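J.: For the protein sequence lines, the chains are D and G, in the order given. Per our numbering, the very first residue in the first sequence carries number 1; after that it's consecutive. Per our numbering, the very first residue in the second sequence carries number 246; after that it's consecutive.
I should point out that these hints are in silico values taken from the structure, not numbers from a laboratory. Given the structure is predicted, the values throughout are model-derived calculations rather than measurements. Built from N, CA and C at the ideal position, the CB exists for glycine as well. Honestly, I wouldn't trust all of these hints.
To be verified - For each label pair, taking beta carbons as the anchor points, the in silico distance ranges come out as:
#1 D:Q105 - G:H288: 49 to 59 Å
#2 G:V270 - D:Q105: 41 to 51 Å
#3 G:V301 - D:V43: 41 to 51 Å
#4 D:V229 - G:H288: 23 to 33 Å
#5 G:A305 - D:P115: 47 to 57 Å
#6 D:E111 - G:P281: 51 to 61 Å
#7 D:A46 - G:A305: 37 to 47 Å
#8 G:V301 - D:A46: 32 to 42 Å
#9 G:V293 - D:A39: 41 to 51 Å
#10 D:D213 - G:A305: 21 to 31 Å
#11 G:V278 - D:E111: 48 to 58 Å
#12 D:A245 - G:A305: 21 to 31 Å
#13 G:A269 - D:V221: 20 to 30 Å
#14 D:Q105 - G:D283: 55 to 65 Å
Said to hold, decoys possible - Not everything, but these chain G residues come out facing chain D in the computed CB check (under 7 Å):
#15 V272
#16 H288
#17 L295
#18 V303
#19 V304
#20 G310
Said to hold, decoys possible - Reference excerpt, derived from the structure (chain G facing chain D, CB under 8 Å, subset only):
#21 E260
#22 L264
#23 P265
#24 V268
#25 G275
#26 G276
#27 R280
#28 W287
#29 D289
#30 G291
#31 V300
#32 L302
#33 A306
#34 V307
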Amino acid sequence: MLIVVGAALAVAVELLEALAIVLAVGVSRRWSDALVGAAAGVVVCAVVAGVVGPLLLGNVPIGSLRLVIGVLLMLFGLEWLRKNTLRLAGRKAPASSLAEFVETQEALEQEALPPAGEPDWAARAIAFKGVLLEGLEVVLIVAALAARPSGPAPALLGAALAVVVVLGLAVWIRRPLEQLHETDLKWGVGVLLTAFGLFFAGEGLHAHWPGDDLAVVYVAVVLAFVTRVHARVIAARVQAAEAIA
Amino acid sequence: MSAFLYRTRKLLFGETWLLPIGVAVLVGGGGLVLRPLDHGAWHDLGVVFLLVGAVVLVVAAVERGAGAAKR
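For reference, chain D alone in the conformation it holds in the complex (with noise of 0.2 Å):
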């Protein structure tokens, strides 16, 4: 249930932004060229899912497979714990799909529209970028969590709820999600993986968690506490200093 609920707030995170992207372009383009240079990005993303995925389960030993997965989430989600820790204590700015909308909506307001029929290169390119940059994150990620003793199963189908999600939601709005507090979404995503990586280091390191699968509960819980005081104490500090100065 808890590599469920990882996978899926992880790739709704990541196909938030691609999807930002791939918006601004059919806005501010045309609908068809969009789709063209996203369904591009996701081929391409799917043919490196078909190497990485295998490549993790069928070649490298369980106890150094454990080990594996424990880092890449770590370094994952220690930096997204970072990066929104900081953004909770107003050091860094927030984080919106609303703002990758409209830088990439000004980027393609200086390439002309070509006439109709003619392929609009430039919103393909985009569309393909967005999509592939982000796509890769997703692809990383879900193979990480896919590759648990337990079988790919419960990261496949979080993944796919996201999908279905986000997907829904795109169709739905046809603009990306201005009121979604994406910040604090990203900070749980970092605190998420950060206690998923640390529970699969743990265990690729032969150390024992008491509570067993229970410990990525307390472990959350701890990172949580301990990045969201940390952000305040932060947030506190910059306000006495701008008092004083």
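Position chain G against the provided structure of chain D, taking the given hints into account.
T.: This is chain G only, laid out in the frame that chain D set:
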């Protein structure tokens, strides 16, 4: 090409070197130094080392980021 390498590095290791180096020290130090010293103690207390290490790592990385933002 350099943009591709930068993006690949950012994808795998993030925006700072502190976290990947810290993870390497944490996992390498635990697996290659502490565990061979005392297997029993590592089995029981290794997770405390990993959890405390990860907390220290994220706090240090955030502090460094907050300092950089201030400058």
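J.: Hint by hint, note whether the structure agrees.
T.: Verification of the hints:
no.	hint	result
1	D:Q105 - G:H288: 49 to 59 Å	holds (56 Å)
2	G:V270 - D:Q105: 41 to 51 Å	holds (43 Å)
3	G:V301 - D:V43: 41 to 51 Å	holds (42 Å)
4	D:V229 - G:H288: 23 to 33 Å	holds (31 Å)
5	G:A305 - D:P115: 47 to 57 Å	holds (56 Å)
6	D:E111 - G:P281: 51 to 61 Å	holds (59 Å)
7	D:A46 - G:A305: 37 to 47 Å	holds (38 Å)
8	G:V301 - D:A46: 32 to 42 Å	holds (39 Å)
9	G:V293 - D:A39: 41 to 51 Å	holds (48 Å)
10	D:D213 - G:A305: 21 to 31 Å	holds (29 Å)
11	G:V278 - D:E111: 48 to 58 Å	holds (55 Å)
12	D:A245 - G:A305: 21 to 31 Å	holds (26 Å)
13	G:A269 - D:V221: 20 to 30 Å	holds (26 Å)
14	D:Q105 - G:D283: 55 to 65 Å	holds (59 Å)
15	V272	holds (6 Å)
16	H288	holds (5 Å)
17	L295	holds (5 Å)
18	V303	holds (5 Å)
19	V304	holds (6 Å)
20	G310	holds (5 Å)
21	E260	holds (7 Å)
22	L264	holds (5 Å)
23	P265	holds (6 Å)
24	V268	holds (5 Å)
25	G275	holds (5 Å)
26	G276	holds (5 Å)
27	R280	holds (6 Å)
28	W287	holds (6 Å)
29	D289	holds (6 Å)
30	G291	holds (3 Å)
31	V300	holds (5 Å)
32	L302	holds (7 Å)
33	A306	holds (4 Å)
34	V307	holds (5 Å)
No hint from the list above goes unmet by this structure.
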